[in-house]
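Asks: The primary structure of each chain is shown beneath.
2 protein chains.
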Amino acid sequence: MTDETNARPKTSDIQRRGLMLVLSSPSGAGKSTIARNILEKDDGLELSVSVTTRERRPSEIDGVHYHFISKREFERLRDSDELLEWAEVHGNLYGSPREPVEKAMAAGRDILFDIDWQGAHQLQEKMPADVVSIFVLPPTMGELMARLHRRAEDDEETIQKRLKNAAHEIGQWRSYDYVIVNDDLNRAFGAVQAIVKAERLRRDRRPGLFDFVEGLLKETI
Amino acid sequence: MTDETNARPKTSDIQRRGLMLVLSSPSGAGKSTIARNILEKDDGLELSVSVTTRERRPSEIDGVHYHFISKREFERLRDSDELLEWAEVHGNLYGSPREPVEKAMAAGRDILFDIDWQGAHQLQEKMPADVVSIFVLPPTMGELMARLHRRAEDDEETIQKRLKNAAHEIGQWRSYDYVIVNDDLNRAFGAVQAIVKAERLRRDRRPGLFDFVEGLLKETI
Chain E
1 MTDETNARPK
11 TSDIQRRGLM
21 LVLSSPSGAG
31 KSTIARNILE
41 KDDGLELSVS
51 VTTRERRPSE
61 IDGVHYHFIS
71 KREFERLRDS
81 DELLEWAEVH
91 GNLYGSPREP
101 VEKAMAAGRD
111 ILFDIDWQGA
121 HQLQEKMPAD
131 VVSIFVLPPT
141 MGELMARLHR
151 RAEDDEETIQ
161 KRLKNAAHEI
171 GQWRSYDYVI
181 VNDDLNRAFG
191 AVQAIVKAER
201 LRRDRRPGLF
211 DFVEGLLKET
221 I
Chain Z
1 MTDETNARPK
11 TSDIQRRGLM
21 LVLSSPSGAG
31 KSTIARNILE
41 KDDGLELSVS
51 VTTRERRPSE
61 IDGVHYHFIS
71 KREFERLRDS
81 DELLEWAEVH
91 GNLYGSPREP
101 VEKAMAAGRD
111 ILFDIDWQGA
121 HQLQEKMPAD
131 VVSIFVLPPT
141 MGELMARLHR
151 RAEDDEETIQ
161 KRLKNAAHEI
171 GQWRSYDYVI
181 VNDDLNRAFG
191 AVQAIVKAER
201 LRRDRRPGLF
211 DFVEGLLKET
221 I
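Chains as they are written, first to last, in this note's numbering: chain E, 1 to 221; chain Z, 1 to 221.
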C-alpha cells in the first residue's frame, strides 16, 4: 500500500449533508411521542424548536417544546425572514426559526421538524433535496379521539376543534414521502428509525463518497 | 361508528406494490453474504435466481444459487425476451428470468437481485419506480483481496481477473440509490434491513393507502 492510502478518510468519516426530517400528523396521532423517542435515542438528530403564539400547556417547557412568544414578536420574526416556514393552526401562529437550522445543517447534523402540512409544504419547496417527510396516521378516528381525551390537556371545545381539523390535515397525506399508521407505538417508532437510517445512506446525501471511492481506486494492491 | 368502519382494511393489509431490491458490488465485498442473511431473516423477500453459463463452484447448488445452463440455452432465453436483464461478466453470461419476477411482483412480494451494474442499469431503465438499488463497497482494496483469498473458491488467475474488474465495477457506484461500506458485516446487514423497511413505507409504493385514508375519513365519530 502507498502513503496516500493512510490519508484516505475512514468509513465513519464519510462526509454527509444533514437531512431535514419532517414529521406531521393530526393532533393525537402520536407524532410528538414518536418525535420525543427518536430524539432521545438518536444522538445525530436534534429538534427544531418552533416559536408559537399558542398558550403553553402545563406539561410544556418554554425553550424545550416551543419558544412561547407574543404575536407581535412572531410577526417581527416572520417579516424579517427569520422563519424558514410558518403557519396558522387553530388560530395560533407557529414557525421554525431559520438560524439554528442552518447552523446544524452546515455542521452535518440532522434536524427534526414537528410541524403541520403547511410548514412541510414550505420546507419541501425551499429545500427539496434535504427534506424527508413522514406523515403519521391514526389507525382509526375513534382512536384519535380517545387519545385526545386521554391526553387531558385540552378542554372539550379545543378537542372538537382539533377533530374537525384532523380530517383536513389527514387529507394532506399525499404530499409526504413516507406514511406510517400508528397502531402500535413501538412499531411506529421503529419505522421512523429505519427511515432515518436508510435516508442517511442515500448516495446523493453523501458528497464524501467521492473522496472515499477515489481513495479506494488509488490504493495499490 | 358506522358499518363502513368495519369494512375498512386493517393496517397490516394496506396494499403495496412489490419492490425490486438490487444489490451490487465487486466480487468479495460481501454482497452475497448480506443477500443470504436478509433472505433468511425476511419472509417478504425472495431471491431472483439468475441463469448463468459460468461453471458451478463446489459450494453452489443448481436452482438455489444459480440455474446453471449452457450458452445455447442462455441465448435462446435472451433472444425470446425471457430475461429481464442480462450481462457478460468475466467472460460468462448472467441473466434474470422474467416469469418468476413478474409473478412475485404481481402478488406484492419483494424480489432481491444479486446482479452487477450492467443488469442494475437495465432494470433501472425498465422499472424505475420499482427498483431500489444498493451498492456495497469494500472498506479497502486490500480487504477485498484478502476476502477473495479467504473464500478459496477461485484460482489465482481468476482472483487477479476479479480484482482487475473490481475497479471498474466500483466506478459504477454513482448510479445506485444507496451506498454501504461493508467494514462490518452486521452493520452492513442492518443497513440493508433498514433500507428495505423504509422503502416499504414509501407512500408511492402503497396504492392501498387511498382506500385506508378514505375509510378513515368516512368514519363517523
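Please note that the accuracy of each hint is not assured.
Because identical chains share one entry, a pair is satisfied inside a single copy or across any pair of copies.
[Unchecked claim] Here are the simulated PhoX-like cross-link-like pairs (lysine-lysine), alpha carbons at most 20 Å apart as the crow flies:
{"#": "1", "residue 1": "164", "residue 2": "218"}
{"#": "2", "residue 1": "161", "residue 2": "218"}
{"#": "3", "residue 1": "103", "residue 2": "126"}
{"#": "4", "residue 1": "103", "residue 2": "218"}
{"#": "5", "residue 1": "161", "residue 2": "126"}
{"#": "6", "residue 1": "71", "residue 2": "126"}
{"#": "7", "residue 1": "197", "residue 2": "41"}
{"#": "8", "residue 1": "197", "residue 2": "218"}
The hints are simulated quantities; they were obtained by calculation from the structure and are not laboratory data. Source: prediction; values computed, not measured.
Asks: Now tell me if each hint is right for this structure.
Replies: Outcome of the hint check:
1. For the homomeric pair residue 164 and residue 218, the shortest alpha-carbon distance between copies (13 Å) is at most 20 Å, but the shortest distance inside one copy (61 Å) is not.
2. Only between protomers do residue 161 and residue 218 lie at most 20 Å apart by alpha-carbon distance; the minimum there is 18 Å, versus 63 Å within a single protomer.
3. Only within a single protomer do residue 103 and residue 126 lie at most 20 Å apart by alpha-carbon distance; the minimum there is 17 Å, versus 41 Å between protomers.
4. Taking the shortest Cα distances, residue 103 and residue 218 never come within 20 Å of each other, neither inside one copy (34 Å) nor across copies (44 Å).
5. In the homo-oligomer, the alpha carbons of residue 161 and residue 126 never lie at most 20 Å apart, since the shortest distance is 30 Å inside one protomer and 48 Å across protomers.
6. Proximity of residue 71 to residue 126 under the C-alpha cut-off of 20 Å is found in neither arrangement, the shortest distances being 25 Å within a copy and 54 Å between copies.
7. Within a single copy, residue 197 and residue 41 get their C-alpha atoms as close as 12 Å, and across copies as close as 19 Å, so both meet the 20 Å cut-off.
8. When the C-alpha separation of residue 197 and residue 218 is checked against a cutoff of 20 Å, the pair qualifies neither within a copy, at 29 Å, nor between copies, at 35 Å.
Hints 4, 5, 6 and 8 from the list above are not met by this structure, while the remaining hints are.
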